[in-house]
Amino acid sequence: MAIKKIISIIILIQSLSLFAWELSGKSYHFEKITKNVFVMHGPLEEPNKINEGFMNNPALIIANKGLIVIDPGSALNVGRNVIKEIEKISTKPIIAVFNTHIHGDHWLGNQAIIEKYPNAKIYAHPEMIKQANSEEGASWVESMERMTEGLSKGTKIVAPTFPLKHQQNIIIDSEEFKIHHPTVKAHTNTDIMIEHINSKSLFLGDNDFVNRMGRFDESSSMLGNIKTLKYAQTLDIKNFIPGHGKTGNQQQALEPFLNYLLIMKKVVQKGYNDDLQDYEIRPEVVKALKDYKNWHLFNTNLGPQINKMFLEIEALDE
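The UniProt record's numbering applies: residue 1 is where the sequence shown begins, and numbers increase by one.
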């Protein structure tokens, strides 16, 4: 009986991946993290024509009567493909969606969810809801269409409507969640981290990356991001799901990016104390971050990140 069970599991795994979503020569499907939590780990590249804009980590939680989705992707077509992969695991209806922040690669797939499941509730930070309904939301639709060379055309804004606050507990069907927003700004000023209490899993959004360097824009705070990740370390969590990159335990999936930010802060702080300019600090930063040189977009984003950290440290001194 044991052998038959093993064979059945192998056949199931093969069937799930055999007809997986194919993009740029790679296949994408939901990977099992716990008994009812699955994550599709997207490409690390920027949105483009080849990946059709898909680049994030959509997640699925299976409840007794329905499904909960976190960050369904970057466009209408991407969201539809995410749903197709979900249906290979469960045919239960999608009853709820969480959006981790305002960046369109995570939430423009909402349209596909509501297209098929119009009664699904979509949750997010109140500032994210506000921005999604403003020019910021429209700019993400335009940017995605430009970057995919028109492949995302037809995508429309479907903004969240249910606001969430820090340390709010929410029960959806059989599953319990706790929302975390410990700082005003981290990756953006719209971030939430979603703790799935049942499985001790934490969905960090783009507060966390693995093998990829994200950007920090005017709505972000690198020092706030450090505080947010240190806060996440205090939670009772087994599985950390970054916005981009592989899921893992704290050592595998949280500490690498946190340590990157801490090293950046330490070196830039020393340079600032020595009256150096940001461009003069760069050689020491590169040396200190040698273990991260192969992370995707490291060279592209390093300069702007040094400048960002420098300005934040300078602001503390005013």
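Since the hints were derived computationally from the structure, they do not count as laboratory data.
Model, not experiment: these values are computed from the prediction.
Hints may be right or wrong, so weigh each one.
Subject to a maximum C-alpha distance of 27 Å in a straight line, what follows is the list of computed DSS-like cross-link-like pairs (lysine-lysine) [said to hold, decoys possible]:
#: 1; residue 1: K156; residue 2: K116
#: 2; residue 1: K246; residue 2: K200
#: 3; residue 1: K238; residue 2: K32
#: 4; residue 1: K293; residue 2: K230
#: 5; residue 1: K200; residue 2: K185
#: 6; residue 1: K116; residue 2: K49
#: 7; residue 1: K88; residue 2: K26
#: 8; residue 1: K227; residue 2: K290
Evaluation of the provided hints:
1. K156 x K116: holds, 15 Å
2. K246 x K200: holds, 17 Å
3. K238 x K32: holds, 14 Å
4. K293 x K230: holds, 23 Å
5. K200 x K185: holds, 24 Å
6. K116 x K49: holds, 25 Å
7. K88 x K26: The given pair, whose Cα atoms are some 18 Å apart, holds under the 27 Å limit.
8. K227 x K290: holds, 23 Å
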